[in-house]
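Chains as they are written, first to last, in our numbering: chain A, 1 to 301; chain B, 1 to 280.
No lab work stands behind these hints, which were simulated from the structure alone.
Yeah, the Cβ is synthetic: ideal placement off N, Cα and C, and Gly gets one too.
Output of the computed footprint for chain A on chain B, the stretches with three or more beta carbons under 8 Å from beta carbons of chain A:
hint: 1; stretch: 146 to 153
hint: 2; stretch: 259 to 268
Computed from the model, here is a short list of chain A residues facing chain B with C-beta under 7 Å:
hint: 3; residue: Ile-13
hint: 4; residue: Asn-15
hint: 5; residue: Gly-16
hint: 6; residue: Met-30
hint: 7; residue: Gly-114
hint: 8; residue: Met-130
hint: 9; residue: Thr-187
hint: 10; residue: Asp-239
hint: 11; residue: Phe-270
hint: 12; residue: Gly-273
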Amino acid sequence: MGSKYSRNSRREIRNGYAYIMPALIFMVAMIGFPILYNFYISFFDMTAQSVGMGHAEFIGLKNYEAIFSDPTMWKAIKNTFFYTIFCIVFQFIIGFAFAMFFSKKFKAARYLKGLMVISYMLPMTVVGLMFKFMLSPTNGVINDILMNLHLVKAPVEWLLNERTVIWGLIIANTWVGIPFNMLLLSTGLDNVPQDVYESASIDGANSVQRFFYITVPMIKQSILSVLILGFVYTFKVFDLVYVTTGGGPVDASEVLSTYSYRLSFKTYYFGQGAAVANVLFLCLFVVALVYLKLIGKDEVS
Amino acid sequence: MMKQRTKNIIDTIIAVVIAAIFLFPMYWIIISSLKSDTEIFAQVQTWFPREIHWENYIDQFQNKSNTANIFVQFKNSWIIAIGSMVLSLVLSIPAGYGLSRFKIPGKKPILMIFLTTQMLPCSLVLTPLFLIYNKAGLLNTYLAPILATATISIPFVIMVLRPIFMECPKEIEEAARIDGCNYFTAFLRVTLPICKSGIITAAAFSFIFAWNDLVYSITFNNKGDLLPMTSGIYQFLDAYGTKWNMIMAYGVIIVLPIVVLFVCLQKYIVGGLVGGAVKG
Chain A
1 MGSKYSRNSR
11 REIRNGYAYI
21 MPALIFMVAM
31 IGFPILYNFY
41 ISFFDMTAQS
51 VGMGHAEFIG
61 LKNYEAIFSD
71 PTMWKAIKNT
81 FFYTIFCIVF
91 QFIIGFAFAM
101 FFSKKFKAAR
111 YLKGLMVISY
121 MLPMTVVGLM
131 FKFMLSPTNG
141 VINDILMNLH
151 LVKAPVEWLL
161 NERTVIWGLI
171 IANTWVGIPF
181 NMLLLSTGLD
191 NVPQDVYESA
201 SIDGANSVQR
211 FFYITVPMIK
221 QSILSVLILG
231 FVYTFKVFDL
241 VYVTTGGGPV
251 DASEVLSTYS
261 YRLSFKTYYF
271 GQGAAVANVL
281 FLCLFVVALV
291 YLKLIGKDEV
301 S
Chain B
1 MMKQRTKNII
11 DTIIAVVIAA
21 IFLFPMYWII
31 ISSLKSDTEI
41 FAQVQTWFPR
51 EIHWENYIDQ
61 FQNKSNTANI
71 FVQFKNSWII
81 AIGSMVLSLV
91 LSIPAGYGLS
101 RFKIPGKKPI
111 LMIFLTTQML
121 PCSLVLTPLF
131 LIYNKAGLLN
141 TYLAPILATA
151 TISIPFVIMV
161 LRPIFMECPK
171 EIEEAARIDG
181 CNYFTAFLRV
191 TLPICKSGII
201 TAAAFSFIFA
211 WNDLVYSITF
221 NNKGDLLPMT
231 SGIYQFLDAY
241 GTKWNMIMAY
251 GVIIVLPIVV
261 LFVCLQKYIV
271 GGLVGGAVKG
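Only chain A is shown next, with the shape it has when bound in the complex (with noise of 0.2 Å):
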């Protein structure tokens, strides 16, 4: 640097380094380095008896061969796909209509839309056992409500039936996840210049164009934060799951948080635990590149 800065931008810098160091060593012992030692520990058979005797062996790509042949792993990847494109999809719908009729000026709009995101800060245990007794095939008032409709004959088993699992906990999710989208949206709308409406009005455009060619151009930005975002926050799932059905029944419900969960905490390997974070890890990072991309020019100047 030497010549590069004058004494007073030398104290600047010193200064803010200062403030910003303490965060940051934190935030490099405490994940930045987990993270490297997670694809150490990959390659080596550490079980809980190798930690415990201090010893454990290099081992190569054997806990990624463990884990790839074993069938839970692809029903885990694609149970979370599953789960994350489903749940995006829901919650992206239901948050937007939610955006566009939160976004019309009217008094109770604002208190009423920002009631409705506590559903997005309650502890996701408390929210699993809620919607684990909501949808209860006995005494649950899901399936009242759809018998009163007439829209199930007999109670629908949700969560413990293998073929529904999967979606009583994507219905548990979108409801936690519809105000993130909704807020991320209305934020979008609320700097759409009312004018471009009235005139696309004048020029006799219906609404339905209005939305296509002004309303959904113009929030392109947020429209893709909230999607790339919430496939992040999804695919991570783990209370959700853990709680609710535990990955079962069997291993129906499955997902690549719980399944590493389970090997490295439940059968003490891990290694093989270690190798399917990661797997967990390269699928959010490819995402997550795209993400900072798309964003990183306006984010940092």
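Based on the hints, put chain B in the right spot on chain A.
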């Protein structure tokens, strides 16, 4: 003009109906927690309890049959949430300030690091952190979940605070320095009080993130007397099976502080979510 008013009324009614349907699970957890055993086990659920039964709450506090005491779990939740909040604020307030106020090289990659860490799944660091904490002797301590949950809130809080500090005029600090403050005391005594709303948002989020945590506590602590309520209710399920009135009552007790915080600070929390998520 009249037409506009009727339209507003209709919109308001539709909005209330939407909100009511959406918030129905909240209503359901509360009324279910007040039902008698007979009512909760009935095939068809009543939409309002025939009799209000506070026993579901009272029984919990008399510790009749739960293995772990609710008082202990209640206390643990507070210790973890407050500890994590303090740690997160101490680290992230200065960092958010530093990233908004100073011209420093490497700002872009540092921001990127915080942005990325915010998006990472906890499952990714669970196994390595467990092994690291094991070596460091941190397993079965309050510190383990406190340190781990702070990693969730720190990047989020930094992203919420940075724009708020950027809006705070630099001239006020300069004036304070002329009056005898140094850089740090000017930040502490002048900037922080001005950006109070940002600090409140930051505190609320770091508290909530830690309060809601389940996975770090159950992974790092296997002693029952260190576990928070989020894990207590889960074990409660094993003990009580399908006594949903009891489980929902426990759920209400967990959710209560979050709801109180949310109602009091709704404006800050909603604003913070948008700020932290969109830009973060």
